[in-house]
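Residue numbers (the numbering used here), protein chains in the order written: chain A, 1 to 436; chain B, 1 to 436; chain C, 1 to 436; chain D, 1 to 436.
Don't read these hints as lab results, they were simulated from the structure.
A hint or two may mislead.
The list makes no distinction among identical chains, and a pair is therefore deemed to hold if it is satisfied within one copy or across any two copies.
Under the rule of at most 25 Å between Cα atoms (straight-line distance), these lysine-lysine pairs were calculated in the DSS-like manner [to be verified]: (1) K389 to K334; (2) K206 to K38; (3) K406 to K38; (4) K49 to K59; (5) K396 to K262.
Number of protein chains: 4
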Amino acid sequence: MIERYSRPEMAGIWAEDNRLRLMLGVEEAFLEALAGRKAIPASELKAFKAAAHQGLHQKVVALEAQSGHEVIALLAAVSAVIQDSAPAVNRYLHYGLTSSDVLDTALALQLRQAADILLKDWEEVAGRLRTLARAHAQTWMAGRTHGVHAEPISFGVKLAGWHAEALRNMERLRRARETAGFGKLSGAVGCFTQAGPELELEALGKLGLKPEPVATQVVPRDRHADYFHALVLSAAAIERFATEIRHLQRTEVLEAEEPFGKGQKGSSAMPHKRNPILCENLCGLARLIRSYESAVVEDIVLWHERDISHSSVERVILPDAHIALDFMLARFKKVLDGLQVHPERMKENLDRSLGLVFSQTVLLRLVDAGLSREDAYELVQRSAMKTWKTREPFLKSLQADPAVTKTLSKGELAACFDLDSYKGAVQELLARGGVA
Amino acid sequence: MIERYSRPEMAGIWAEDNRLRLMLGVEEAFLEALAGRKAIPASELKAFKAAAHQGLHQKVVALEAQSGHEVIALLAAVSAVIQDSAPAVNRYLHYGLTSSDVLDTALALQLRQAADILLKDWEEVAGRLRTLARAHAQTWMAGRTHGVHAEPISFGVKLAGWHAEALRNMERLRRARETAGFGKLSGAVGCFTQAGPELELEALGKLGLKPEPVATQVVPRDRHADYFHALVLSAAAIERFATEIRHLQRTEVLEAEEPFGKGQKGSSAMPHKRNPILCENLCGLARLIRSYESAVVEDIVLWHERDISHSSVERVILPDAHIALDFMLARFKKVLDGLQVHPERMKENLDRSLGLVFSQTVLLRLVDAGLSREDAYELVQRSAMKTWKTREPFLKSLQADPAVTKTLSKGELAACFDLDSYKGAVQELLARGGVA
Amino acid sequence: MIERYSRPEMAGIWAEDNRLRLMLGVEEAFLEALAGRKAIPASELKAFKAAAHQGLHQKVVALEAQSGHEVIALLAAVSAVIQDSAPAVNRYLHYGLTSSDVLDTALALQLRQAADILLKDWEEVAGRLRTLARAHAQTWMAGRTHGVHAEPISFGVKLAGWHAEALRNMERLRRARETAGFGKLSGAVGCFTQAGPELELEALGKLGLKPEPVATQVVPRDRHADYFHALVLSAAAIERFATEIRHLQRTEVLEAEEPFGKGQKGSSAMPHKRNPILCENLCGLARLIRSYESAVVEDIVLWHERDISHSSVERVILPDAHIALDFMLARFKKVLDGLQVHPERMKENLDRSLGLVFSQTVLLRLVDAGLSREDAYELVQRSAMKTWKTREPFLKSLQADPAVTKTLSKGELAACFDLDSYKGAVQELLARGGVA
Amino acid sequence: MIERYSRPEMAGIWAEDNRLRLMLGVEEAFLEALAGRKAIPASELKAFKAAAHQGLHQKVVALEAQSGHEVIALLAAVSAVIQDSAPAVNRYLHYGLTSSDVLDTALALQLRQAADILLKDWEEVAGRLRTLARAHAQTWMAGRTHGVHAEPISFGVKLAGWHAEALRNMERLRRARETAGFGKLSGAVGCFTQAGPELELEALGKLGLKPEPVATQVVPRDRHADYFHALVLSAAAIERFATEIRHLQRTEVLEAEEPFGKGQKGSSAMPHKRNPILCENLCGLARLIRSYESAVVEDIVLWHERDISHSSVERVILPDAHIALDFMLARFKKVLDGLQVHPERMKENLDRSLGLVFSQTVLLRLVDAGLSREDAYELVQRSAMKTWKTREPFLKSLQADPAVTKTLSKGELAACFDLDSYKGAVQELLARGGVA
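Between the sequences and the hints, there should be enough to build the whole structure, so can you do that?
Structure representation (structure tokens):
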């Protein structure tokens, strides 16, 4: 697990003791289902619950070194504790089960816990996006395509777009949580040779999981690869937002800045630096999470009823990806909390393109006035290129072109440069993005 | 596009003329929505429809070489055809739209068409899996974990597991189709500066698409990356099935074989060879489709309101991945159609493990008879290792161990080796896998 | 193969007829080595050469449909042509060889041809970088870290860094060419069971290749995965350069622009647009080439003496990656040829950071004057933050701080802001980058 | 760092205290180069060396929390220790350097240390491969292509092929070590604005590194991506070998087994199981290392003179990939040490293909006797298919075919089935693989 990026709650889910606790919980649920059929006394079950969870971690590690098998080590450790106090439990513990029944069912529980944290993280991010989007509904800036000014855009609408993407990712996580919520207690190669489907159904029901319809020895790994994509897409969303902030913080643009702490230092050489390092870090972490995906997909193709090649991949990637994404969401929340927005600079930058951002309006007014689209396009591009070269305001270039002025009056031309005419759809867009 | 793996229907969807046709369809839908507002005569719309689609491809290619812009080339080509016959259409064609409105909306239509073919492909594969699974419900073979015999399994149940995975992939494709079914007609940076949301809603409605809630200049690429994962997981499923067949066709196993055509030759050097090359090819293609994914995810992080870096990726990967997966599904269907299954060899191989596959039953009968799990495990493993070394049948090894025979009678021991006791859950598993 | 990005010379290498020609060349070299030992008349070899290459492609396609095996189809096609005119050749054609002997040896030749084109491409790019770097040795601009002004940098030095990276990539390609230059004529499973190592050595020698020391049925795929990385890193270099140009072309920066053709149109909606679409396209293509890599690495792990899963991957990826990279290098050359550099704007932007880019010099002069590094840092950061907030020139902020002025005189302070003092290492850096 | 797979020596290299030690070593080398020029007393340098390394780790962590900058925290921690004992050092510490000078130069040292361990690991693996290959030079088994018997092969030759791949990977690691052995002490944006190239040369010389010809603020990341590929290919090699062992250990094949420890348990459900779990684990780890690569390549494209997005990627991936590969090599060495080879079973399996593995010899003897290749192929395939269907020995099938027997005598036919004729090239292949 990546210590540097670990937050306690998420790290706790992937800690070995939580894993063992969940594994025991699976054995327990199965024992309860078995109890009636095998006459296991309720008092023994109670004793098992009380005793089993105490300080298992160390014992299991020691026993695993000997047997080379984690679940067998767990069973031995439990057995040592309960053999006298709960002999029937001891006998029927893990009855008819195979290790993967316990491991994969526990993993489903872990994924559910982890997804819940991520959903909470996202909700906190989304809440801030909503607030910011509303606050900046009328903060106008240059919309940019290809890094070049296109048309004016409301910063609030931009944020509403992020919010809409956040909602999509939350929806994906909810689905992923459901996809992963399948357990398996069907024995060695999934055929219920020792304990029937009704036991599985009952035990999984206690854990809030559904039974895998047809398992091999393991829960098929397409579930996990499906689940994992939700993490990848969540990370990519944060990367997209962070990249925008990095762009906005460039010296020449400087329309927004991520928070810069008191006492913070930007460079060991250059004391003047304020760098968007939080956002850059987010981009790196997204790269990391994304890179894991191919391994997770390769895990699908296990041999026959299973091989164990997926295990080392999952031991590393599942904790690391969850920890990194949890960290990303928390860090991005912090970025939003301290985001400095400079509307006056947005305005200033918008003006730097000399009115060119209104070119489409001029184009369409010429069309409305009867020109063909192609003729109108040529006229407008001609003036635009002149502005580009000479830095003469676009309106002036147009006014100097008789081919334009014979079609549009001075007033009609000037009206094309009115920002107000761009504001009509803002509320609708906020509403569509879920922030209004 | 990958000629070698192209099947006509799927290749047709990604052919340039289909793309242009869909793009024109988008312009047309928008014109129809605009018609009332801009007084475009119905007769002109009719003329547009008739004229526009004729032999566009060549013209567009030529004009694109000049303008360096595909949509502008398309508009010019159309304009040349209709300027006289439909002047109002000519004027209002593409009115207030930006290129990506047309491109991304057309792409949504393409993805929908392509997903429909893949769903049909999968249905044909699933149909064959159902038939085979039912036919082999009582065909028993060694279940194998880690490549080593585990417990007996019904070949039909194995196939039911494949069918369940097929169903999951079909469900994913259906969702993916929905995820991708969002168009966008909101103009330059997605803010409806020239034409309002109601026009978009109306036009997209005609095309059967939903409006992207808050677009940038483009439909956000997380949709496409989400969609794409369904292709990756479908390919991985086929790879899993193909890998199993490759295993079963090994000389020493030979429990199943992919079809080997009349006149086919397996090797230029060794005339005796019958190789599972179809299945190996499927594994390679899955690798190919899987590898594309990172590029598709990277496309999410476009700059500001968009850059066009995603375009070259999509031009190559979207056709290629669909074409390859369509080919894979068709080829796998062919493999299933000609699959040769050798039940007698399955039986023979099952016997080769000398009864060891029944070890769990012995273990649990010892437990039922009162032994602790750990003691029972040790007894059974002891005999198993003896069998492993000496090739003495497992039952015989057990019968020679007084520690065993003092707990289980000869008859009880022999009963552990009865295959019938493994057959109980077959029907239920077939039903759970959707094939019963 | 990706038609849109295909340039004739590179596409020609990957065309089927070139492949067949190279395969026949391999058979021919082997026949020549065999000729003495099997008494194949020189006249027959001559007849074979003359006849064999004629119009093979169609015949092979037809025959492959029947035998399901490409090399067998090729042999049959050749055989049909020469069976009467060259009976001894016909008999000994492919004698003791297996298909992969021919396929993999021909592939080595193809890779060598393709690498040669890429090296030529790179040389053309590097030549332009050298010229530009020299021309801009004294063109000063803001060096930027984290997108924020750091210290002044010569544009020529930046280009020299690109040139150094180009040289590294050329070196990698040369090595890759060597790594891939291994053929294999050792028969079915690489054990020379029918024709000895001396024949292989002689035949490969004619083709300019080395023998694979210990092959399986195929040349081991780590060679190809090693080779491929050179393509990936070349593409990433171009992506890095293209990304820089995209940054420099942003409206607010506008220090450089990629060429914009006469008659070119930047947007269907906004006639004023001049977008860095060539460079964006290069970034997308790099993403594409990079994504292929995982499949190429997966190909290493073939089963036993080989399976054929690598074949479909290579059929698609090898042509596509070479074609895309060849296109990238050619396009980037075009970008450099038409690159518009705006030194006056570079100067203007440099001034926009109000002198902050000189902060390190002030820091070190304070240190030289006796302050501890930490104290000096604090002083300089204090003034820098003031400048950041108030937009007061940095020199002025410093001059207003008595803690500074008591250590450095007015003249000493002003001297810190002299660009000339940053120019010392330019020639050395150009020389180190190979451009001086 | 992945605790489960960490071996002390490799983990030590990536531990924070080693990193800080190397960073200080870089500062020290630079101070030594600076000493003459800035009159830093030798006694102070000595005091610095003595004091600086003591218990830095905790202090740095604490200070980093405050400044948000690792190198600044390190400098402050050192400064606190030496400000009184070594005032001149304190003043000139880090003089003219930027953080990345220290970080990237230290990273080069770390990579060199790590590569040395991997080379040692590989040498130990290679040594065992040499021994095994020699021991099994005359251990004959079925060569398998597509999982199907092809021709006989010596197990020693197979191992010689592995050894040859090991040698290639060692050569790659040596090159990678060289590629990564470049440091950088050129200041903020790599332009030597405060300290000249001669200082860099001298200081790096002390550390055994070469200077990066033209750096940005950082050592360009193509070096690291180039280096990393050597890890990926090493892992893929081990995966290939491990996959072979997994195949050989299948119940039906059982020609070799990985070691199975005393007290080891293969399954919690099935006491008879002996599974190749070590080799499966190696396959999973290779998947993991391979997956990291895309992130490392993405790191190349930093913005302008650098952004810090690569840092989080490298913090996780560089330790993890080295640790995982070190573990893989050590584990594979253990697998080879305990590898159980069953030559008698190899012989038995070879016989199972009923002589078909000799088909090519029959084919070529028919050709030698005057048949055309195509006619001979058809004859041999005809008998082979008969054998395939009826399980009649191949020699018998051939002897029953008059078309065969009229060309080859009974004795000539029988001679085709002599294993001795396959043994000729063994010594040469061992020699070519570097094991003879």
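Consistency of the hints with the structure:
With identical chains, the CA atoms of K389 and K334 are at most 25 Å apart between copies only, with a shortest distance of 22 Å across copies and 42 Å within one. In this assembly of identical chains, the alpha carbons of K206 and K38 lie at most 25 Å apart only when taken from the same copy (18 Å versus 64 Å across copies). Taking CA atoms no more than 25 Å apart as the test, K406 paired with K38 passes between copies only; the shortest distance there is 23 Å, against 97 Å inside one copy. In this homomeric assembly, K49 and K59 come within 25 Å of each other (Cα to Cα) only inside a single copy, at 17 Å, whereas the closest approach across copies is 44 Å.
For the homomeric pair K396 and K262, the shortest alpha-carbon distance between copies (23 Å) is at most 25 Å, but the shortest distance inside one copy (47 Å) is not.
The structure shown violates none of the earlier numbered hints.
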